[in-house]
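Asker: Residue-level listing of the chains:
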Amino acid sequence: AAAGLCPGRALLARRRGALRALRCSVRGLAAGRETHFGFQTVTEAERREKIYQVFENVAKKYDVMNDSMTLGIHRVWKDILVHKMNPSPGTLLLDVAGGTGDIAFRFINYVRSVRERQLQQKLRHHQNLSWQEISESYQEDKFNLLGDSQVVVCDINKEMLKVGKQKAQHLGYSEGLSWVLGNAEELPFDDDKFDVYTIAFGIRNVTRIDLALEEAYRVLKPGGRFLCLEFSHVSNPLLSRLYDLYSFQVIPVLGEVIAGDWKSYQYLVESIRRFPPQEELKAMIEDAGFLKVDYQNLNLGIVAIHSGFKL
Amino acid sequence: GQGSGSARPQPLEPSLLRFLVCPLSKRPLRYEEATNELINEELGIAYPVIDGIPNMIPEAARTTQKQPPAESSEQP
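Protein chains in written order, with the UniProt record's numbering: chain A, 1 to 311; chain B, 1 to 76.
Incorrect hints may have been included.
As a list, the in silico DSSO-like pairs of lysine-lysine whose alpha-carbon atoms are at most 27 Å apart [claimed, not checked]:
id: 1; chain 1: A; residue 1: K167; chain 2: B; residue 2: K26
id: 2; chain 1: A; residue 1: K221; chain 2: B; residue 2: K26
id: 3; chain 1: B; residue 1: K26; chain 2: A; residue 2: K61
id: 4; chain 1: A; residue 1: K193; chain 2: A; residue 2: K282
id: 5; chain 1: A; residue 1: K60; chain 2: A; residue 2: K167
It is worth saying that the hints were derived from the structure and are not from the lab.
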């Protein structure tokens, strides 16, 4: 399995310092360029199609599979991401490849609790007011429980968004949440709009990561923050071997047993191996214009959070 | 349940209009409530809103140049 670290990564490592000349659909131009799908070599068009199918197939079982494969630890990683973000009420978040809503729901919970604390603080300082005045001040904020915070979930896959929207309805999330079908490489959002851009376990599936990073930069407000949560590289040799064993022996089997889909999970595991390691991704993020780029390893590098600012 | 064959099409979330632009030209769009589409007049294309979710993938857009029948786009 370790032999899979092959020259294909050189394709991804190509850093594009030059500006894109044309603002036309990239896919039309680059359909034939070679890239990888897991350990296979395919054209960019084929890769996009294959990845679309992977997520179409796994959408309904996505959450169950995440829990099984990571023994529930993915929830902690996502919690850490949102805590790192530390959003204050009024924050505008764009969550890309956010399909089933995990980050969006955590964001909403977080700003809600911050907001509640703000309101409690406010009430404590109103000790000398009459009940009438206190209740009035509470009424004002009653319809602003999120404090104008908003999250837009953008995903390229219809099935994933469908699952996300259903989950939202089921769990009672509606205010401050919207869904858009869009492509990370070609975002349908205006410049300088969002305070935070997140992409959790999504950037690995983007075919042109450089374009996605440029788009992230474009749509962020000046001062805005880019946050990427993604599987990364384990340098510890012992852990690396155990991780490989687990990845290649256990995960596809789980995929077959739980989702009836060995191949999609084979792809998942291979795509993790193909993805640039921490330093390389950091450099790509810097290439897109971000500053103060840094990363934080979780679980010894099984997962990493990269952060950068548009300054 | 929320099936794809719902009689009344879900309209677009109004707050999205603050952010949404055409992914190709990055220019503003006009929301046409009657057909539930986001229209780029300049390029003559319309992005459908399906189940309340705007489909902003260029391949999904239809051209508005001629007078096409007012039907919802086929899902790719």
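Asker: Does B/K26 lie within 27 Å of A/K167 when you go C-alpha to C-alpha?
Answerer: With Cα atoms ~31 Å apart, A/K167 and B/K26 exceed 27 Å; violated.
Asker: Are B/K26 and A/K61 close enough, with their CA atoms no more than 27 Å apart?
Answerer: violated (35 Å)
Asker: Are A/K193 and A/K282 close enough, with their CA atoms no more than 27 Å apart?
Answerer: It holds: about 23 Å lies between the C-alpha atoms, which stays within 27 Å.
Asker: Is A/K221 close enough to B/K26, meaning Cα to Cα at most 27 Å?
Answerer: Roughly 16 Å between the alpha carbons, so the hint for A/K221 and B/K26 holds.
Asker: When you check the alpha-carbon spacing of A/K60 and A/K167, does it fall within 27 Å?
Answerer: holds (11 Å)
Violated hints, in rising order: 1 and 3; the structure is consistent with all others.
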